[in-house]
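Participant: Sequence:
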Amino acid sequence: MDFSSLKKRKYLALFIYYWNQLTKYMNYFHKKYLVYKNYMRALFEKKGIDPHRLFQSSFRILEEKWRKS
957 MDFSSLKKRK YLALFIYYWN QLTKYMNYFH KKYLVYKNYM RALFEKKGID
1007 PHRLFQSSFR ILEEKWRKS
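The opening residue of the sequence shown carries number 957 in the numbering used here; numbering runs sequentially from there.
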């Protein structure tokens, strides 16, 4: 084995290490995003907000609160 093949192996090992670290953190943050997304979906369903018509639904809820008070 010459020096260049050892160098290539070293850089390949480093690349694999950092790639694994990147995917680990990407998976971690993706799970956090899914938890947040599901929480917001449940919150919208509880309040009767259609997430595709967020502005109109929010305005309707504010209007109902204003009429009650």
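Do not rely on the hints blindly, as some may be mistaken.
Lysine to aspartate or glutamate pairs mimicking EDC-like chemistry, simulated, CA-CA at most 20 Å apart [said to hold, decoys possible]:
| hint | residue 1 | residue 2 |
| --- | --- | --- |
| 1 | Lys-1002 | Glu-1020 |
| 2 | Lys-1003 | Glu-1020 |
| 3 | Lys-1021 | Glu-1001 |
Don't read these hints as lab results, they were simulated from the structure.
Participant: Give a verdict on every hint.
Facilitator: Cross-check of the supplied hints:
1. Lys-1002 - Glu-1020: 15 Å, holds
2. Lys-1003 - Glu-1020: 12 Å, holds
3. Lys-1021 - Glu-1001: 18 Å, holds
Taken one by one, the earlier hints all hold for this structure without exception.
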